[in-house]
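Q: Chain by chain, the residues run as shown.
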Amino acid sequence: MRGGQSYVSCPPSFSNDGNRLLVGCGTSVAIFSTATALQVSSLEGHTSTVTSVVVVPGSKILNYCWTSSLDGTIRYWDFSLFECIKKIDLNLPIFSMVIPSLLSTPEESSGKKKNVYAYVCMQTENGKDNKPKLCTAQIRKCNLTNYNKLSKVTLKETKRPQRLTISPCGNFLGIKDKRKLHIWKIPKVDSDSAVSKKITLHHTKTFSVLTFHPTERIVAAGDVTGRILIFRGFGAQNFQENGELLNRTSMTGEECKPGVRQNDDAESCSTWHWHSSGVNLLSFSSDGVYLYSGGKEGVLVFWQLDTGKKKFLPRIGSPLRYFIDSPDPSVSSISCADNQIHIFKISSMEIMRSISGIKPPLSSQDICESISSQAAFDCTSGLVAVQTENYGIQFYSLFANRGLYEIQVCERNYQPVDDVTVVVTMVELSVDGSMMGTVEVKLPEEGIGGLICLKLWDLDSDTKRFSMSTLIYEPHRDAHISAIAFHPTRHMAVTSSYGGDFKIWVCREETQQKGQTHQNFSWMCHAVGSYKNKAMRAAAFSADGSVLAVAADTVITLWDPDKNELIAVVGETPSPIGRLIFVGKSENLLSVSHGSTPQLSVWSMSKLAASWSYRLEIEAVSCALDLSYFAVIALLPKSIERMFKGDGIILVFNATDPTPMASWSVTKAKGGSIAFLKGNPSELADEKSSKTLLAYLNGDREYVLFDPYDKEARELNMTMQGDLVGLEDNGQFGYTSIYGELPVFDLKRNKASSVFSGASNRPWETIFNGSSSHMLPPLTKLCSEFLESLLEKKTSIIE
Amino acid sequence: MEEARIKTFPVKPKLKTKPRTQQQTPESKYWSSFKTQQIPKQFPIHSIDYSPTPPHSFVLANSTTLHIFNSKTLSETSQITFKDTVSCVSFRNDARLIAASDLSGLVQVFDFNERRRIRHLQSHTRPVRFVHYPRHDKLHLVSGGDDALVKYWDVAEAKVIHQFNGHKDYVRCGHSSPVNSDTFVTGSYDHLVKLWDVRVRDSSKSAMDINHGCPVEDVVFLPSGGMIATAGGNSVKLWDVIGGGKLLYSMESHNKTVTSICVGRIGKDSVDESNQYRIMSVGLDGYFKVFDYGSMKVTHSMRFPAPLVSLGYSPDCLTRVIGTSNGMIYASKRKVKVDENEKGIVASEGSSIWRIRPLESTEKKVLKTTDFRYFQRGQGEKPSEGDYLVMRPKKVKLTAHDKLLNKFRHGDALVCVLEGKNPGHVVAVMEELVSRKKLLRCVSDLDLEKLELLLAFLHKYCTVPKYSSLLMGLANKVIEMRADDIRASETLKKHIRNLKSTVEAEIRIQQSLQEIQGIISPLLRIAGRR
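The listed protein sequences correspond, in order, to chains A and B.
Reminder that position 457 of the first sequence reads as 457 in the working numbering, one-by-one numbering, no gaps.
Reminder that position 353 of the second sequence reads as 353 in the working numbering, one-by-one numbering, no gaps.
None of these hints come from the bench; they were simulated from the model.
Partial selection, computed: residues in chain B whose CB lies under 10 Å from chain A:
no., residue
1, Leu15
2, Met430
3, Glu432
4, Ser435
5, Lys437
6, Leu440
7, Ser469
8, Leu471
9, Asn476
If you want the ones that stay clear, here's a sample from chain B, every Cβ over 10 Å from chain A, calculated:
no., residue
10, Pro44
11, Thr64
12, Asp111
13, Arg119
14, Thr125
15, Gln163
16, Val179
17, Val200
18, Gly226
19, Gly245
20, Arg303
21, Val336
22, Tyr374
23, Gln379
Far from chain A, by Cβ distances over 10 Å, these chain B residues were calculated:
no., residue
24, Glu27
25, Lys35
26, Ser104
27, Asn180
28, Gly233
29, Gly294
30, Pro305
31, Lys397
32, Arg409
33, Gly424
34, Asp447
35, Ala505
Note that the Cβ used here is the ideal one computed from N, Cα and C, for glycine as well.
Given these sequences and hints, build the entire structure.
A: See the structure below:
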């Protein structure tokens, strides 16, 4: 089961009746209802990312569309029946496709069926001499009606694949190429060999987008600096044909071409500038009166074409990508960079509903990479909570593959163009999913004014939404929080910090007001502990909650969370431990250390010693709730990435056995996370109830759910959109085969020679570590005790 | 859902921590509902007494004068002057006469309304410290003084009927039984409280002796008449008189000598607590405490900035007067809600004379277009129960600095909050500017007057722990960035000096705290060993 694909990798397309929205997402085309914004169905068949969706226009009952994909095929679908009618294999990845003849008004052809031609932007064929080519993309023509081979005509070769833009009536085809616009006139009667005429328009800045006017000869183009150029009457000279009637008089001279660069074929060029950064979205309204533009600011601007007057739809909250008009004039859709498609009414300029995909990872990840954590999973309900750019947490249902809701963590308005100053660095859910902890960091300005806030949330049992119960400013002074862990059964949480201490928080339930049963949860600090002032990077509760393990630099300290006593100190790893997790109900503790000598170690709690360890760079770990299995994502070294056709590998272990039970190779493992989920409740009706699924969320927040125990399901093919390297056939690799080939894996089965550090019977250790901040006897008693101890010393000296 | 997207987030100060202890109990709320006003006088207020009849005006003894106050307005209405310092004052139970003693040993009786001297009672040879009209007796008077004698007077004849000579030190206080006009108690510096009965003719034999353990400063009978409360030293003690002088409880929550006590009723409007009596005490430590002798608990405590020496509480529970040793009088008054019903009754009674019969034409007038109300019809209509209400979205009220921030006028916003009084807002705006990366820019653009404002703010708040993490860093930056401006201006230099001294003081505090920490930490270690 897959999901989490980007909905905004290519422009969506409305069906003819305007009730359906076809969105290319990953390898399929998802069909959404515009009335409910829920997914109705999907067209499966492509083996790689879908790059364009073209609906065949016509009457409302016609439900056909063409799609192109990076797998090199063009398919023709009947999307009311969800079936593929025709498949054309071009063998080379297709980046963009337009079909002009669908748009031109169908002439009453005398019974003769016209050929349909598509223009595709595709990867160039590899030359025979294997020279690295400057141009990787070319624009070709392709006969869709009866395809035998690609037409010889190559319109243009470009260095990078460009998106093709077509005029609404299908006369012109344009691409942007750096500082130029290339526009072709499409011949009325197209054939394989018909050569289109071409003009080029120049500009001093790099173009980012272009669009054609629906009726007139106007092309609008946006550049990276936020200017919008409107060329009127382009191609008046070159596209002049004998049979064609032009309203305009022909050109009279150079002097009456204001704003047009030297020899460009356009009558005039005007420039509008409102956007502060690049224009991503340009579209004319269907009547051609308005021009819509949008950019990184997340503001949709409505320009009146004749006067240049502006209206705004602000606060969309994310950079805008595409704007698509529907046949129903009141409804349009905007695709945003944060994987949301908003369906909105132009007349009232309000967003009616949103199709929400999983939000992309934070772009600010690099700023605070060391302090931010991964997404949190709610194992029971199959939810994942991810941090979003707009200082919130999105709850995404992995089973339903849609965003459920978002909560705002930090009370700020998000502006996409602003510098990042506030980041939600951490989100953590309790095992039963009823409590959540978030950490937000305000970055200081030249060293002043930084702030770290810990927020603890409770799940409202009625609305199933989280509401904030406690806000703690600077829980560990100015030190960053490294981990949050929740007690599996009680209202207790622990936060550890790089500043060398951890705090245990307990939730106290207060019932206020006599009459009402108004419950008020508030969290309080229950205890503070530290171990030799070492930075604490991880914390975990055991499955029954009786033991708290906190990683203090390179050792693991075990505490009694109620009494705040140090029970034992375990072992030593070569580099600091960054993650701790108790393996299910078993007595094993898993530690992950990063750094120069990364290590994955399993510690036996009964012996307080290491059982086994691997030298692996581990990105994420997860363990099954009841069983003694755990899964890890290991990042592979660069040198052997090729061999596995992926940069990571998922390994499933039994805690008692260092030989992995299963393995899968995956791509984009960096920034990925993994979790065991309880089976989908809706699907469980007929199957056995104790089904456990493994969820893998990759660095781009696409995910896959699979059953790790199913022997047949060992085939896992993670092909990712945007990854242009062909990733087909990621076969399954038996671990033994990996193992044989990898001298890098250093198996250290040091079961016997581990460092024993039994339960410490010297309680003063806890004192010197400054623990036990609570439950002190009164000072008067202490004094006498203290003096007594001094006395003892003296007498011993005398003796 | 989309409404939620377009939200404005006003810049607010950080939340404050909730107190762990419960907020005010209803009782302490009641006691703090008295609004205090200060009436300055020059000399210590030794004695206060309330008139037992409404309107309960009160008298206080200040040096050689008796000041009479109206308890409604807390304003002085008249005064009576003496030849010597007045030590004690007492109303007769019908409030027509008032007795006062002075340090010359004279006890005088006045007509309260005409302020005319009626009797001179001259018998004490040393200063008289206490004089008291028994509760149910209009004819007699009790007095005691530094000659250790307690005298029982017949006021009409101005003659001592009885002289009790059991005390061995100065007699300072006394009180009569509320149930029996023949018994009274006196307290003396010989630590004893003696219960006297005028029917016992043996002048040196008291009915009962109670040893308080300290020089007794004040003594009162509780309303039941079976118990007395004595004050002396740091404690207030409760004794069971009927049970033979048994100590019931000793309240020791004052830190210095308790100087005066009195008994008062909680005049709550609600019925359940209105008849509960409390012992109120004041002491030289400046504390005013309320003691619930039913549950034996101190229910309210209040601090005044001067040693308190005398206390009075009005019988109608509306005013309370506390006298201090430096002459300041803290007179407090409670606001009472006038009962709506009562008010209504009074109003209707008042208007009943003038009431005209209501018009008979109660039938509804049909509105016509000539009537202006025709055009307003339906506007004041209230929704009925089953109606579905379409609520107008609540408008977010934006403060001045929010508006400025929304317009990106960062500098103006900063100045706007600096001119305001709330430091929380200032810090909140500063934090907002930090997250917009504009704070330092704003600081560098401030002109000199505004910079002065900022420096004054920093001087005041930079060591407050809540704000110091931001403000200390900012103070450093400000001084660094605006060094030239500061050097040029004398007023700014002054602010910098102030700032420096604040920081130095804070450093001293920190050092002493560290010393304390050094002392305590070994003890904590011992604690950990246990």
